[in-house]
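Student: Sequence:
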Amino acid sequence: MTSADVEASEHVWSVEPTPVSVDDLSEGTWSLLRDEARRAMGFAYVPYSSYPVGAAALVDDGRIVSGANIENASFGVTLCAECSLVSDLFMSGGGRLVAFDCVDGAGQTLVPCGRCRQLLFEHGGNDLILNMPSGREPMSVVLPEAFGPDHLSRVGRGDEAGPHSVPKH
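Letter by letter, the sequence shown follows residues 1 to 169 in full-length UniProt numbering.
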């Protein structure tokens, strides 16, 4: 990695989230995301379910990141496509997700599970637009009243006594 790469990487991390509306994204952009999700699906490792999933997202700096589901014999360790997508996001420089699409083995639009909605919220916020079977929706509709990093700051650092606090001796 060159010093220019490091500077570029640091610049990406400092980018402020830019709200994007459904109207801001062209059909061509959605088509690119769908194509990339289908391509990513080809890398899925699904020896148990035979249910491949691919996901792709547009990042606020214009990059497209993608991921595929990776199963494990210990089913709880299985990673959804959204997990590998977020890994790709960080491995390629970070940033904020602005648009997301996910497909199954037949190329049909999938709804992210609850865990993945939370994961996507963390890296795209309320303004992330998701392609859903019913149409394109902002995360604020897909995961209303989401739990996020700001909730953690509401609970002090153990200095205050709360209803479930342990008395200090």
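Be a bit skeptical, because a hint or two may be false.
[Claimed, not checked] Derived CB-CB ranges, DEER-like:
| id | residue 1 | residue 2 | range |
| --- | --- | --- | --- |
| 1 | 27 | 74 | 35 to 45 Å |
| 2 | 154 | 74 | 13 to 23 Å |
| 3 | 31 | 153 | 37 to 47 Å |
Keep in mind that the hints were calculated from the coordinates and are not lab data. All figures in this text were calculated on a predicted structure; none of them were measured in a lab. The beta carbon of each residue, even a glycine, is placed where N, CA and C say it ideally should be.
Student: All hints, please: hold or fail.
Tutor: Hints, one by one, checked against the model:
Look at residue 27 against residue 74: about 41 Å separates their beta carbons, and that is inside 35 to 45 Å. In this structure the hint that residue 154 and residue 74 lie 13 to 23 Å apart at CB is violated, the actual value being about 35 Å. A C-beta distance of roughly 40 Å is found between residue 31 and residue 153, which places it inside the suggested range of 37 to 47 Å.
In this structure, only the earlier hint numbered 2 is contradicted, and the remaining ones agree with it.
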